[in-house]
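Participant: Build the full structure now, drawing on both the sequences and the hints.
Chains as they are written, first to last, in the working numbering: chain A, 15 to 134; chain B, 17 to 124.
Some hints here could point you the wrong way.
[What the hints assert, rightly or not] Pairs of lysine-lysine, DSS-like flavour, derived with a Cα cap of 25 Å:
1) Lys55/B / Lys59/A
2) Lys120/B / Lys55/B
3) Lys120/B / Lys87/A
4) Lys27/A / Lys91/A
5) Lys58/B / Lys19/A
6) Lys19/A / Lys61/B
7) Lys19/A / Lys124/B
8) Lys27/A / Lys55/B
9) Lys59/A / Lys124/B
10) Lys120/B / Lys59/A
11) Lys73/A / Lys91/A
12) Lys87/A / Lys59/A
13) Lys61/B / Lys120/B
14) Lys58/B / Lys59/A
15) Lys73/A / Lys61/B
Derived by calculation from the structure, the hints in this document are not laboratory data. Note that this is a predicted model, so its numbers are computed, not measured.
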Amino acid sequence: QITLKESGPTLVKPTQTLTLTCTFSGFSLSTSGVGVGWIRQPPGKALEWLAIIYWNDDKRYSPSLKSRLTITKDTSKDQVVLTMTNMDPVDTATYYCAHYSLVRSCFDYWGQGTLVTVSS
Amino acid sequence: DIQMTQSPSSLSASVGDRVTITCRASQSISSYLNWYQQKAGKAPKLLIYAASSLQSGVPSRFSGSGSGTDFTLTISSLQPEDFATYYCQQSYSTLTWTFGQGTKVEIK
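Facilitator: See the structure below:
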């Protein structure tokens with residue numbers, strides 16, 4: 015059974031750096047064909063893909079946010095960490111992590127999400 | 017970037033209705049198209065992957081079709097638990113993944 019759960023601050027101030035952790039179980043990020051991605055959703059708006067990291071440590075970032083994002087993995091802890099620098103109120107959103115299957119090319123399991131508010 | 021456009025943005029339907037949602041890609045994406053259902057306050061749930069493959073555990077009233085640039089999600093007989101927002105997502109590009117803007121299915 016695959017599960018994922020996001021954790022991190024619920025409130026950050028403008029210009030601060032956000033660090034979110036995705037802790038998962040039921041799969042290993044050292045298994046070929048597996049990835050973990052981050053997707054966010056501002057209140058009342060659509061889903062926006064942010065970043066993904068694969069079992070082989072290959073990484074991809076949203077072009078519009080690439081300069082602000084870093085994704086890393088700790089296979090021994092079954093965790094993926096996303097950092098986003100220079101936070102702004104427009105970054106207020108629910109942030110989701112999700113298991114990515116390279117074979118099926120889809121995000122097939124999602125965490126419950128964590129709401130991050132950016133405000134002074 | 018590949019843009020995904022869904023239509024309509026919202027629709028009202030009754031229980032038992034047949035519902036069709038359309039998703040169009042800005043360039044050909046073969047069959048690299050997924051559909052997700054999101055209920056209020058919940059995480060998205062995968063319904064359909066590779067344009068027409070039903071995710072395990074998803075009711076058979078959901079079906080997907082299309083290839084290239086035009087895709088559809090069909091709910092053959094709308095049930096009360098199907099009222100939600102539906103998103104398409106392309107996975108053709110291995111550099112970026114993009115979602116449609118969503119289609120909200122509401123009770124008529």
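Participant: Starting from the hint list further up, note which numbers the structure goes against and sort them upward.
Facilitator: Going through the list in order, the structure violates hints 3, 4, 7, 8 and 12 and respects the others.
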